[in-house]
Every structure is written in structure tokens, then in C-alpha cells.
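K.L.:
Required output: the full structure, derived from the provided sequences and hints.
Residue numbers (this note's numbering), protein chains in the order written: chain G, 55 to 545; chain S, 55 to 545.
Keep in mind the hints are simulated off the structure, nothing from the lab.
This structure is a prediction, so every number in the text was calculated from the model and none was measured.
There may be inaccurate statements among the hints.
Any copy, or any two copies together, can satisfy a pair, since identical chains are not distinguished.
[Claimed, not checked] Below, in silico cross-link-like pairs of lysine-lysine (DSSO-like), each with a Cα-Cα straight-line distance of 30 Å or less: (1) Lys-374 / Lys-141; (2) Lys-463 / Lys-537; (3) Lys-76 / Lys-398; (4) Lys-402 / Lys-111; (5) Lys-437 / Lys-398; (6) Lys-167 / Lys-141; (7) Lys-533 / Lys-314; (8) Lys-188 / Lys-304; (9) Lys-374 / Lys-511; (10) Lys-288 / Lys-76; (11) Lys-188 / Lys-159; (12) Lys-505 / Lys-304; (13) Lys-131 / Lys-159; (14) Lys-101 / Lys-390; (15) Lys-76 / Lys-304; (16) Lys-159 / Lys-262.
There are 2 protein chains.
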Amino acid sequence: MSKKLTKREEDYSKWYNELIVKADLAENSGVRGMMVIKPYGYAIWEKMQAELDRMFKETGHENAYFPLLIPKSYFSKEASHVDGFAKECAVVTHYRLKTSDDGKKIVVDESAKLEEELIIRPTSETIIWDSYRKWIQSYRDLPLLINQWANVVRWEMRTRLFLRTAEFLWQEGHTAHETQEEAIEETKQMQRVYADFAENFMAMPVIKGYKTESERFAGALETYTIEALMQDGKALQAGTSHFLGQNFAKAFDVKFTTRKGKQEYVWATSWGVSTRLMGALVMTHSDDQGLVLPPRLAPIQLVIIPIYKNDEQLDAVNTKVDKMIVELRVKGVSVKYDKRTTYKPGWKFAEYELKGVPLRIAIGPRDLENGTVELARRDTLTKEIISQENIAETISSLLDEIQNNLFDKALSFRDNLITKVESFEEFKDVLESKRGFVSAHWDGTTETEEKIKKLTKATIRCIANDAKEEEGACVLTGKISSKRVLFAKAY
Amino acid sequence: MSKKLTKREEDYSKWYNELIVKADLAENSGVRGMMVIKPYGYAIWEKMQAELDRMFKETGHENAYFPLLIPKSYFSKEASHVDGFAKECAVVTHYRLKTSDDGKKIVVDESAKLEEELIIRPTSETIIWDSYRKWIQSYRDLPLLINQWANVVRWEMRTRLFLRTAEFLWQEGHTAHETQEEAIEETKQMQRVYADFAENFMAMPVIKGYKTESERFAGALETYTIEALMQDGKALQAGTSHFLGQNFAKAFDVKFTTRKGKQEYVWATSWGVSTRLMGALVMTHSDDQGLVLPPRLAPIQLVIIPIYKNDEQLDAVNTKVDKMIVELRVKGVSVKYDKRTTYKPGWKFAEYELKGVPLRIAIGPRDLENGTVELARRDTLTKEIISQENIAETISSLLDEIQNNLFDKALSFRDNLITKVESFEEFKDVLESKRGFVSAHWDGTTETEEKIKKLTKATIRCIANDAKEEEGACVLTGKISSKRVLFAKAY
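P.N.:
Quick look at the structure:
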């Protein structure tokens with residue numbers, strides 16, 4: 055397979071699909087809409103998981119695991135939830151296969167039909183709240199702060215690697231609280247955790263906001279979101295945190311004895327991020343040469359490639375590099391030394407460029423003489439000759455610089471693409487020509503929101519947490535509005 | 055719920071079930087045969103995962119992720135595999151639910167029937183080898199050393215928490231190699247890794263051996279196993295590693311260009327351990343008071359409980375304990391300070407005993423005066439007064455001692471229950487009265503193996519890797535035998 059990528063300008067969508075496959079992140083499987091996450095892609099996901107898991111634990115959460123399959127009837131218990139989730143889903147109806155009567159095929163054994171169909175979880179509120187009923191009796195059992203790492207299935211009709219797949223990996227937090235205030239504070243805290251992760255690890259700036267009623271999670275009273283902007287000017291919802299009120303507690307009859315001895319329904323939240331973040335990561339930083347990974351999530355932060363003409367030269371380089379590696383590892387740099395003799399240096403350069411390794415060192419006989427190495431940066435595609443002295447410190451601080459540089463670049467790109475508009479003409483114009491977020495007044499009705507969507511394909515991504523109170527007129531209807539909201543076309 | 059457990063002598067099986075639930079490890083869910091793994095149980099599983107994952111990576115493996123659902127036809131491609139796995143399984147037949155015509159129920163939408171049924175993976179050889187065909191072209195792509203952490207579903211009729219559940223969590227390694235020798239060495243290496251983990255982390259002695267033909271994995275040419283012995287004298291298969299020959303390569307047409315330029319089928323292995331290990335851990339060490347956890351897998355290694363009559367006393371204890379905790383954490387001890395005022399010390403003592411925390415410190419005003427603490431060991435149920443001086447070192451070395459003690463105890467128990475027998479009378483007698491492993495000669499035929507199973511319920515757990523060549527007569531048929539094999543009743 056050629057390593058050459060379609061350019062982003064030519065066809066952004068094609069560039070994305072090619073890059074995911076060529077950089078060995080993921081590929082389609084033989085099952086419609088389901089992907090295989092390849093080792094290199096999975097290594098990035100593992101790094102994401104490790105950081106998020108640490109952050110969840112630091113905020114008092116514990117992990118648990120609930121069943122993959124949910125009885126159909128559970129979904130009906132929360133009325134709005136069932137509409138949102140129980141429709142496009144994988145339904146298990148039988149529990150046995152058998153050899154066909156002619157002995158030639160494997161067929162479903164009709165005698166092994168389930169009394170009640172089971173749904174592969176599209177999200178786990180229902181099965182989890184069915185357990186919480188048994189776990190929660192008193193205020194002493196609260197707050198209950200639980201997270202689950204799991205696979206879920208939603209039968210999406212149009213799928214794209216990482217961004218929208220029938221099966222995806224995610225974490226889902228499900229918490230229960232004594233009071234409404236505490237539950238709302240938990241919802242907001244997890245939004246902050248997600249934003250912190252997105253900005254400080256993915257180097258991806260996000261807007262913290264909340265959803266309009268029509269974009270809320272099915273069953274939620276409020277949905278907080280972090281919204282990012284991709285290089286093609288489309289927005290991407292990167293994580294959501296839901297305040298569920300007492301909806302699930304009522305649906306599953308989860309009451310507790312309060313400090314005053316009364317029986318009350320508990321207050322709930324749920325929150326999640328998924329392998330979709332992998333797509334967001336790619337579309338925030340990568341370029342026409344391939345992936346660009348922020349150092350804090352790069353499985354390999356530095357690759358070292360020997361330049362040599364014979365075994366003697368390679369031996370001399372090896373000796374030097376082995377020493378450097380020890381120093382680098384002490385500094386916590388994850389380094390790979392690629393001394394495979396089956397591939398040429400040029401091939402390796404292209405390979406690690408495609409795979410987004412933040413730093414590359416090439417070292418040959420002349421470098422050994424001069425006490426230097428050739429250092430290449432993936433983010434700027436620049437090269438320089440640097441001294442071998444204090445190399446670990448140089449690399450370590452350069453990795454920090456790259457991390458910051460990627461964030462700053464993405465931030466200035468994003469900030470340039472938040473445009474205030476005052477009229478619907480301007481709205482449409484910005485959306486078509488400039489793209490990005492359009493900051494506009496809206497009259498607060500679902501009807502107007504729907505109309506704008508129909509006319510422009512733009513949806514309200516969120517109302518920013520820090521949106522200022524200001525008097526204005528709805529961009530479509532001219533009705534009064536007290537806050538701007540952010541519209542965009544979105545993934 | 056009372057914390058009092060059924061005694062092991064009274065009813066081992068009941069003791070086990072009660073303990074799993076009362077110690078908050080897991081419980082049954084509303085879905086038949088599927089369990090909820092509670093936070094305390096999941097924390098132990100996470101520790102197991104972390105150690106195993108490290109060991110897999112140290113032996114060169116990478117993680118990846120393959121689809122949950124497998125097309126029915128994939129199973130038919132490897133003839134013996136389909137018989138072993140595609141029968142009792144969860145079958146997805148539809149991809150949509152809808153509201154019933156009367157608007158009252160949620161029903162399966164018959165118009166959304168899949169053309170080909172999808173099976174929830176019972177194991178992933180087929181879907182993985184379908185990918186490997188694309189990944190492997192040349193010897194340069196080999197060896198391919200991949201592991202997956204995943205959930206799998208096998209429609210078991212009789213289930214027990216952790217030991218046999220319809221859904222369970224596991225890891226499955228799937229590797230591809232140039233040569234038969236290399237694949238066999240990989241199979242043996244993973245058996246060694248599993249044994250190392252079982253003995254050094256779970257403190258559970260295991261016998262390394264291989265399976266007879268009838269007990270092999272469906273599709274394997276050789277199945278290596280580690281077999282442990284539970285406290286009730288029943289054996290438990292704790293991990294298996296399979297040499298698959300070229301069966302899956304042929305079934306999925308995975309060929310590679312050899313170093314000599316020829317086209318050959320690759321050689322395969324697969325290996326796995328599951329949440330079943332949680333059951334094994336419980337049944338190896340725990341007692342009538344509750345769980346006993348080896349320190350290396352205990353989520354909490356040391357719990358500290360303050361003894362006080364008033365706030366002033368509690369404050370003084372807090373100050374002292376806070377300092378101790380810093381020292382302990384530096385030494386890598388995972389410590390929990392339970393200063394909740396909502397529970398009494400006696401309640402806490404019972405709670406952490408039930409949960410198997412290896413060490414417990416109680417500290418009160420008199421201890422502050424004397425510079426001492428009261429230290430209790432979970433494994434021996436002994437208490438002593440020790441000095442606060444060098445407490446971190448004392449605790450740290452005591453944790454090592456407990457880890458070793460648990461292993462030694464389990465080893466001597468196990469070794470006492472390996473009995474050589476020479477006649478079938480003796481065989482039956484040992485199996486009924488003494489229990490454990492019965493080391494006996496066997497004529498090597500599946501027929502005899504089946505007969506013995508029918509007569510005694512004992513199966514051949516394995517032929518030990520290090521079984522000595524010795525001439526003997528089959529315990530049932532008297533036919534010639536060159537090696538003893540290990541029989542036992544098993545989980």
C-alpha cells in the first residue's frame with residue numbers, strides 16, 4: 055500500500071479515512087459498521103484510558119462491571135430513554151445454533167428462543183439502576199460514584215472509523231447522590247475533568263457548555279458537553295455529562311433513608327467519552343504527511359534511527375544509542391530504537407512521520423565524530439543538528455514545547471473560527487464560506503432550532519457555560535434573546 | 055445482611071456463594087447467568103489485569119481490539135471449532151425494536167432482520183484470523199503477537215459467580231509465527247507466564263501440564279494448562295495456552311512469503327485467562343471468617359482504624375496516622391484510613407476481616423502514649439502490639455511474609471492431595487475420601503478416559519509437563535502405560 059495520502063484540501067473525508075488505515079490505527083472488519091482497532095491505535099486509546107482512569111479515581115470514583123445484555127423490558131421503564139436508545143440496537147433472540155437437517159449448514163435452533171429478547175447495551179443506565187436499587191438503602195450508601203469501561207453497540211446506519219461505529223469502546227460513569235445540588239456539582243465536575251483531559255493531554259481546546267432540550271441525552275434534565283472544532287471547520291461533541299434528576303431513581307424505584315429518616319428518591323448523573331476521541335485527536339492535529347500526536351498520548355515519543363553503511367558502523371552507533379536510551383528512560387521519555395536491517399532509513403523516516411511520532415533522531419558515523427545527532431520535529435517538520443550532551447533534558451523539554459505548541463496552534467485555529475453574526479444572511483454566509491462555530495442569538499424554541507437545522511444543516515452545539523447575558527434578537531425570528539448560543543455543522 | 059458466613063465444612067458451595075456476595079465481589083444480575091462485578095471485586099480484577107498486561111508486554115505482545123459480533127459463517131470455517139463453540143451462544147438476529155401497534159409495548163421490528171445472524175463472540179479466533187489474512191504477507195510481518203482484553207458470552211446452563219458465567223471478562227492472546235517450533239515455544243512461554251502469575255501474585259500453586267485429546271480446545275493440536283487445587287479438593291483449570299498448528303491459517307487462508315520466497319501457511323497459538331481466576335483466588339485462601347487476599351492483589355493492603363472516645367482523641371490519632379500514612383505510601387504500601395464516625399471500630403474490624411485486607415492497625419490514646427499500635431494479621435488471625443518506630447518497614451516486610459505464607463500453606467495443602475494410586479479400587483477410594491489429584495497410569499485411549507469419567511466423575515486434568523517416563527499398567531484396563539496422568543473432579 056502506498057503511503058501517500060490524499061491532501062486535506064482535496065478531500066478531507068478521504069484524507070481522514072486513508073490516514074486511519076495507513077497509520078495502522080483501525081480498519082473496517084467483516085462485520086458491517088464494526089471496526090478493528092489495531093495495536094498502534096489501541097496503544098493511543100490505552101494512554102487515553104490510563105489518564106482518564108487516574109482522573110476518575112482522583113475524584114473518588116471506582117470501577118465496576120455490569121452485564122452486556124439488557125432485558126428488553128428494562129428500557130421501557132424510563133419513557134424518554136427508550137425512544138432515544140432502544141430503537142436502533144442489536145437484539146439477541148436465540149441462545150443456540152445447530153447443524154441443519156441436511157448436515158451442511160449451521161442454523162439458528164428455533165427451539166432455543168429466549169422468552170424475553172435481550173438488547174446489547176447501547177448505554178447502561180437501565181441495568182445499572184436496576185442494581186443500584188439493591189445497593190442503596192441509606193444516606194450512608196451515598197454518594198455512589200461508579201465508572202465502567204465497556205463496549206456498547208448502537209446500530210448506526212452510516213458509520214466511519216472511530217467517529218461513528220456500530221460497536222465502540224467507552225467509559226460510562228453512573229453516580230447517585232443525596233441531593234440535587236450534589237448531583238449537579240458532580241455533572242459539572244466531570245465536564246471539567248473531560249475538558250482538562252482534552253486540553254492538557256489531547257492538546258485539543260474545547261468549549262464547555264450545555265445542550266438545548268432537543269440535543270439532550272434521552273432521560274436527562276441537563277446535558278453538559280465539551281465541543282471541539284476539527285480542521286475542516288466542523289464541530290465534534292467530545293464528551294457529555296448528564297444530570298438525570300430523579301428520572302432513573304423513579305423508574306427503578308431507588309429510594310434511600312435520608313439523614314432525617316425520610317424516604318426519598320436519589321439524584322443521578324451519567325457521563326461518558328468514547329473511542330470517538332481517537333477521531334477527534336486525528337482531526338485536530340494531523341497533516342498531509344500523516345498523524346501528528348501530542349507527546350502525552352504518543353505511544354512512542356521519540357524514535358531513533360541509525361544511519362550506517364556496514365556492521366562496524368552500526369555497532370558503533372548501537373553502543374552510543376544504548377547509552378542515550380538509558381538516560382532518556384530515566385527522564386521518562388518513551389523511546390524506540392529502530393535498528394531493523396530489513397528496512398532503509400528513508401522508509402523508516404516516512405513510516406514514523408506517518409505515525410505521528412513527535413521526535414525523530416537520526417545518528418550516523420559523522421554524528422559520532424562530532425558528538426551530535428540530527429533531530430526532526432513532527433509538528434513543525436523542521437530538522438536541526440544538536441549536541442549529544444544533555445540530550446535527555448533537551449528531548450524532555452522539547453516534548454513539553456511540542457505539547458504546548460500543538461495546543462496553541464489548535465486554539466488559535468479554533469478561536470479564529472468562532473464568528474459572531476447578527477443576521478441570518480450573515481449566519482448562512484459564515485457557515486458556508488468560513489465555517490466553524492457561529493455565535494448567534496436564538497429565541498430559545500425547539501421550533502426555531504429545527505428550522506435553522508433544516509435550512510443550514512447547522513445545529514446548536516451548546517450554550518457556553520460562560521455565555522454572557524446580553525440582549526439580542528434571534529437570528530432567524532428576530533424574537534428576544536438573552537444569550538448567544540454556538541451553532542455549527544457537526545460530526 | 056448478616057456478615058456471618060456458612061462454614062466451609064458445612065457446605066463449601068454455599069460458603070463460596072455467600073462469601074462472593076457478602077464481601078462485595080460480585081452478585082447476580084437480572085439477566086440469567088450474567089453477573090455484576092462490584093467495585094471491590096473489580097479492583098482485584100484490575101490488579102490482576104495490570105500484572106498480566108505488564109507480563110504480556112514484557113514478552114513482546116501488543117493489545118488490540120476486534121469486533122464483539124462474529125458472522126455465523128465464520129464459525130463454520132474451522133470444522134472442529136464450530137462444534138466446540140458455535141452451539142451454546144447468544145445470537146443476534148435483528149437490529150431494531152419498535153413500539154407495538156397498540157402503542158403499549160416495545161417489540162422486535164421484524165422488518166429489521168439481519169441477512170446473516172451475528173454471534174456474540176464466545177472466543178475470537180475466527181474474527182481475528184479473518185483480519186490476520188490482511189495483516190500478514192511476508193515473514194517480515196511475523197511473529198504477530200497480539201492480545202485482547204474483552205468480554206465474551208457462552209450460554210452456560212448452570213452458572214456460578216466468577217466460576218462459570220454466561221458473560222465473562224478475559225484476555226485472549228492470538229499469535230502468528232513463521233515456524234511450528236516458534237509457535238510451540240510461544241505456547242509454552244505463555245503457560246510459564248500464567249504459572250508465574252498464579253504462583254507469585256495469586257499465591258496459588260499450579261501444575262503445568264497438557265491436556266488429553268478430548269479435553270483440548272476446539273481447533274487446537276495441543277492445549278497446555280495450569281491446574282490448581284481448591285480447598286474442597288476439586289481441581290480448577292486456571293489458564294490455557296493452545297498450539298493451533300495451521301488450522302486457522304488454512305481455514306482463513308493466511309499465507310506468507312517465507313525467507314526463501316515460498317508461500318506457506320502461518321502457525322498459530324491462542325491463550326487466555328478470565329475472571330474465573332477470581333473464583334480460584336477465593337477458593338485457594340479464604341476461610342470461615344471471609345476473604346483472605348494475598349498482599350500483591352489486595353486493593354487495600356493495610357487498613358488503619360482509630361479508637362477514640364471523643365473528638366479530641368480522634369484529632370490526636372488523626373495527626374499521628376497522617377504521618378504514618380506518608381511513610382507507608384513511600385514504601386509502596388496501599389493503605390486506607392477508615393475514620394468514618396458513622397461506624398464503630400468493632401463493625402469495621404469485622405468488615406475488613408470479611409474483605410480479606412491482609413493487615414489491620416488499631417490505634418488509640420493509649421497507643422499514642424506508648425508509641426505503639428495494635429497490628430492484626432488476616433492470614434493467621436493473630437494480633438500483636440508493635441512499636442510505631444520503623445512502622446513502614448515492618449509493614450512492608452510483613453506483607454512479603456504474608457504473601458509467602460499464603461503460597462506455602464496452599465502448596466503444602468496441594469502437595470498433600472496428590473496421591474499415587476495403583477488400582478481402580480484405590481483410585482475410587484482416594485477420590486471419594488481424600489479427594490484432590492489422583493496420579494495414575496492410563497492407557498492413553500479416549501475410551502478409557504470416558505469410562506473413568508462415567509464411573510467416578512473424575513477427568514484427566516493434565517499430563518504434567520515434567521511427568522516421568524515410567525512403565526505401568528492402566529488403572530482401569532491394565533494396559534501398558536508410560537506415564538502417570540493427573541485425575542480429579544473439577545470445577
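K.L.:
Hint by hint, note whether the structure agrees.
P.N.:
Hints versus structure:
In the homo-oligomer, the alpha carbons of Lys-374 and Lys-141 never lie at most 30 Å apart, since the shortest distance is 61 Å inside one protomer and 58 Å across protomers. Only within a single protomer do Lys-463 and Lys-537 lie at most 30 Å apart by alpha-carbon distance; the minimum there is 28 Å, versus 70 Å between protomers. Taking the closest pair of Cα atoms, Lys-76 and Lys-398 come within 30 Å of each other only inside a single copy of the chain (19 Å); across copies the shortest separation is 61 Å, beyond that limit. For the homomeric pair Lys-402 and Lys-111, the shortest alpha-carbon distance between copies (23 Å) is at most 30 Å, but the shortest distance inside one copy (39 Å) is not.
For the homomeric pair Lys-437 and Lys-398, the shortest alpha-carbon distance inside one copy (19 Å) is at most 30 Å, but the shortest distance between copies (66 Å) is not. In this assembly of identical chains, the alpha carbons of Lys-167 and Lys-141 lie at most 30 Å apart whether taken from the same copy (21 Å) or from different copies (13 Å). Taking CA atoms no more than 30 Å apart as the test, Lys-533 paired with Lys-314 passes in neither setting, with 47 Å inside one copy and 78 Å between copies. Within a single copy, Lys-188 and Lys-304 get their C-alpha atoms as close as 14 Å, which meets the 30 Å cut-off; across copies the closest is 50 Å, which misses it.
For the homomeric pair Lys-374 and Lys-511, neither the shortest alpha-carbon distance inside one copy (58 Å) nor that between copies (63 Å) is at most 30 Å. With identical chains, the CA atoms of Lys-288 and Lys-76 are at most 30 Å apart within one copy only, with a shortest distance of 23 Å there and 51 Å across copies. In this homomeric assembly, Lys-188 and Lys-159 come within 30 Å of each other (Cα to Cα) only across copies, at 26 Å, whereas the closest approach inside a single copy is 45 Å. With identical chains, the CA atoms of Lys-505 and Lys-304 are never at most 30 Å apart, being 34 Å at best within one copy and 57 Å at best between copies.
Proximity of Lys-131 and Lys-159 under a CA criterion of 30 Å is satisfied inter-copy only: 11 Å between copies versus 40 Å inside one chain copy. With identical chains, the CA atoms of Lys-101 and Lys-390 are at most 30 Å apart both within one copy (17 Å) and between copies (27 Å). Taking the closest pair of Cα atoms, Lys-76 and Lys-304 come within 30 Å of each other only across two copies (27 Å); inside a single copy the shortest separation is 49 Å, beyond that limit. In this assembly of identical chains, the alpha carbons of Lys-159 and Lys-262 never lie at most 30 Å apart, being 54 Å within a copy and 38 Å across copies at closest.
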